[in-house]
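> Build out the structure end to end from the sequences listed, making use of the hints.
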Amino acid sequence: MTTTAAPPSERHYVRFGRAERLLHAGLMTSFLGLALTGLPLLFSDMRWAAVLARLFGGFAVAGRLHRFFAIVMIAVFTIHVARVAYRIFGRGEAGLLWGPGSMVPQPRDVRELYEHTRWFLGLGPRPEFDRYTYWEKFDYWAVFWGMLIIGGSGLILWFPATFARILPGWMFNVALVVHGEEALLAVGFIFTIHFFNGHLRPGKFPMDLVIFTGVVSEREMREERALELERLRSEGALEAKVAPPPTRRQMRTGYVVGGIAVGIGLALVVLIIYALVLGGH
Amino acid sequence: MALRFLRAGAVALVLTASVAAQSTDRPPANDDCLACHSAPSAARATGQPVVVLPEKYAASVHAPLACVDCHADLAKVTEFPHPEKLARVSCSTCHEDVVAKYDLGVHARARRADPASPAATCVDCHTAHEIKAASDPTSTTYKLNLVGTCARCHGDPAIISRGIEAGNVPASFHDSIHGRALEKAGLIVAPACGDCHRTHDILPKSDPESPIHRTKVPSTCGTCHAGVGQLFAASVHGGALARGMPSAPACQTCHTAHGIQRTEREGWQLGAVEECGTCHAEALRTYRDTFHGQVQSLGFARIAKCADCHTAHAIHPKEDPRSSVSPANVVATCRQCHPSATENVVGYDPHADKRDRARSPHVYYVAQAMNVLLAGVFTFFGLHTTLWFWRGFRERRSPAVPEQRNDDDRGAAE
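For the record, the sequence lines run as chains A and B.
Here the numbering used here is used: position 212 in the first sequence is 212, and no number is missing along the way.
Here the numbering used here is used: position 315 in the second sequence is 315, and no number is missing along the way.
The hints are simulated quantities; they were obtained by calculation from the structure and are not laboratory data.
The beta carbon of each residue, even a glycine, is placed where N, CA and C say it ideally should be.
Take every hint as true, because none was put in to throw you off.
Here are the simulated DMTMM-like cross-link-like pairs (lysine to aspartate or glutamate), alpha carbons at most 20 angstroms apart as the crow flies:
1. Lys204(A) <-> Glu395(B)
2. Lys132(B) <-> Glu55(B)
3. Lys241(A) <-> Glu218(A)
4. Lys305(B) <-> Asp45(A)
5. Lys305(B) <-> Asp353(B)
6. Lys101(B) <-> Asp201(B)
Computed footprint of chain B on chain A, listed as stretches where at least three residues anywhere in the stretch have a Cβ under 8 angstroms from a Cβ of chain B:
7. 45 to 56
8. 173 to 181
Structure, rendered in structure tokens:
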């Protein structure tokens, strides 16, 4: 992986469209909102939990905010699924179901994990990746699955009387456990693994702005997604992806918004670890 | 001081000279006594005043009595001024029954154990020469004045430190619902000290005959709180108390004895949950694992707490048809907050325990599965991330693989 300094007129390519960035922004905002208003319940015996709950105007207000953010997240989820369904069934984009442009786990992901691990251990060269890497697919499906589980159990807890008509009573016990544990998994994963893989690891630090600006530089493409670059070039699809570099304003916004999100997330991780160590959870 | 003593002596001499002059076999009349004792300066050699104000005495219940009826040893004295040292007045001469009761009480016991004890005698509460009926609003023993009378000793740090175990009880009573009703609202039906402790035969709480012995507290409180008293007596707590279970609660276990708060107060309601938990630790732990308990733990009272489901006083085992959480009643109990709750809520366990497979199998297995999932994900990606981080740093430090970032170029097109 040799690189040279990017030339001043370095080309940039579109990675995420406006809709995808907006959906991520909605997801990010609602996720943070849900975490901030939900975690106090999960760690209700901790002093910081009571402080956080009071900060949001008490339990009733925090609960209302939690439901508001839940609606935002459900909307993001629904729009995303509808878009994917439209692209597959309406526009016949079979590439979303299989191949390098698909989020579906494939044999290549196992191979790339194996090669990546060998590189970690100094046993081989760094593998080259295409549009979606195995850890990005895990991020995606973890969130996808998480939204179904947390969203489903959350709705059960939100409308207990309605669901009690069809569900046995013990399901509410289970729903609460699942909602809390899965939320802990989601929060822990996003605020540590996703932040690290996406932003904080050497090479990305302090932040990968692609989700905010939508574009990546030629150099980054070569470094991070050489296979995609070559594939697009050979398919003749590369030129259509050329985009102007991000403006300073876009980058500044990205750093501020991303920095706030990462800051809140890491602060919550510290509080959770503190609770896990001291609270006996 | 010396001057005052001299003056008092002079007054006494002048006045008693006239008394002595006309002395016969008749005992001295009240006016004879008051001739000296009505003077504001009348005092013993020690300086201790021995003043009896005629108008106050005349307003007291003992006004028809002669001084010598109580100070009987003065009846035969002919020489005045009489010796300072007189026999102790015995109230039992007339008030035999009351003194007999007093002799059973803690004040008499304390004085028997230690003659120097400051424990109250008759006059400490009733005064010596200004005694009024307890029904008289100006009496020291009138209900609205009684707390202040008791507090003269029981609120005095110097006396409390000499062995009043309960501490400064009037201080907590003042802020209690009883204290506010009595002292602020002037409710004559509110209890003063004597209503629970009695007035003369005040027995320690360790005495099984005492109205404040733990087994007697429910009936003592029930004197006024009759409805609650009946519910409690029939409850699992009341039954255990009556059977003599040492850990069974009485009223004051939850409500405290003197600092009793309004149960509507949020702070009291939140604290009551902890109070239940001092005995029912497991129930509190499993409650805290539920939504209700989590919200309560955050400090919000508008959520189901112990008493909201189990009731405060009519607590019965779940198997008892009278219980608010018995199968027959539980739906109605849930409907207090969840109006559209159906029969299915019977299957919900407000004390589900994810550690207890026998009690909560669904929750137990789901929690186990979630633990495995969490442990698996975090172990795998924790390792993955750590290795990546380590490798990433090595690559960056190694001069063999130079890599630069030049963010300035990325923003060059602005």
